[in-house]
Amino acid sequence: DAKTTQPNSMESNEEEPVHLPCNHSTISGTDYIHWYRQLPSQGPEYVIHGLTSNVNNRMASLAIAEDRKSSTLILHRATLRDAAVYYCILRIGNQGGKLIFGQGTELSVKP
Amino acid sequence: DGGITQSPKYLFRKEGQNVTLSCEQNLNHDAMYWYRQDPGQGLRLIYYSQIVNDFQKGDIAEGYSVSREKKESFPLTVTSAQKNPTAFYLCASSIVGVGSNQPQHFGDGTRLSIL
Chain A
762 DAKTTQPNSM ESNEEEPVHL PCNHSTISGT DYIHWYRQLP SQGPEYVIHG LTSNVNNRMA
822 SLAIAEDRKS STLILHRATL RDAAVYYCIL RIGNQGGKLI FGQGTELSVK P
Chain B
2 DGGITQSPKY LFRKEGQNVT LSCEQNLNHD AMYWYRQDPG QGLRLIYYSQ IVNDFQKGDI
62 AEGYSVSREK KESFPLTVTS AQKNPTAFYL CASSIVGVGS NQPQHFGDGT RLSIL
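Sequence lines, in order, name chains A and B.
Following this note's numbering, the numbering of the first sequence begins with 762 at its first residue and continues without gaps.
Following this note's numbering, the numbering of the second sequence begins with 2 at its first residue and continues without gaps.
None of these hints come from the bench; they were simulated from the model.
Ideal Cβ positions, reconstructed from N, Cα and C, are used throughout, including at glycine.
There's no promise every hint is true.
From the derived model, a few chain B residues whose C-beta atoms are all more than 10 Å from chain A [as the list claims (entries may be wrong)]:
| hint | residue |
| --- | --- |
| 1 | Gln18 |
| 2 | Val20 |
| 3 | Thr21 |
| 4 | Leu28 |
| 5 | Asn54 |
| 6 | Ser66 |
| 7 | Lys72 |
| 8 | Ser74 |
| 9 | Lys84 |
| 10 | Pro86 |
| 11 | Asn102 |
| 12 | Ser114 |
| 13 | Leu116 |
Facing chain B, from chain A, some residues (calculated, C-beta under 10 Å) [stated by the list, open to error]:
| hint | residue |
| --- | --- |
| 14 | Gln803 |
| 15 | Ile809 |
| 16 | Ile861 |
Sequences are here, hints too, so could you generate the full structure?
Structure (structure tokens):
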């Protein structure tokens, strides 16, 4: 199974940008990069996904390296509500679309 | 509002007992999934279904069973064969798209504990 590597934890100040890195050196050509986040005792929430090009939505931006072996989730202005565990996931197309979750990065946001 | 409803929120199981966790969605999604999460860990796939009356085992299916008789419903039974069932169980659904670009929508989970 394709794997991702993320830092265990990161800290940010409120209203500052946050860059959450993810390495996925074994990614194959048809694997999409998905990001989810999870608050305590809740189900994960979809954040963003991409294949090759950088992506923007109302929640975040996703920057994908040219060789696709790494990506960065960018939160432009962190708020206290952004404190969560962020998961970087490779979505495998030939395996029923299942998500393979790693340990994720626990983001804390300081006021 | 459209979404996924899991019930109950908390569930207790006695030794040797089967329990069933409910998952209902009104998003008109074809695909549904069950995941298990242990403390401090990521989610692991138990079973998934891409169409009514069909489902496949995930990575940790032993001790679990599912059914998919209706598009809206995908109940999970934790059998007595599952020796370590204490965990947080999450249900998800998605559109079945070409490739792997469809996001999954998750319920709020059921926390199962052993008495």
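Structure-based check of each hint:
no., hint, verdict
1, Gln18, "24 Å, holds"
2, Val20, "19 Å, holds"
3, Thr21, "19 Å, holds"
4, Leu28, "13 Å, holds"
5, Asn54, "16 Å, holds"
6, Ser66, "18 Å, holds"
7, Lys72, "17 Å, holds"
8, Ser74, "17 Å, holds"
9, Lys84, "22 Å, holds"
10, Pro86, "18 Å, holds"
11, Asn102, "5 Å, violated"
12, Ser114, "14 Å, holds"
13, Leu116, "20 Å, holds"
14, Gln803, "6 Å, holds"
15, Ile809, "9 Å, holds"
16, Ile861, "8 Å, holds"
Violated hint: 11 only; the structure is consistent with all others.
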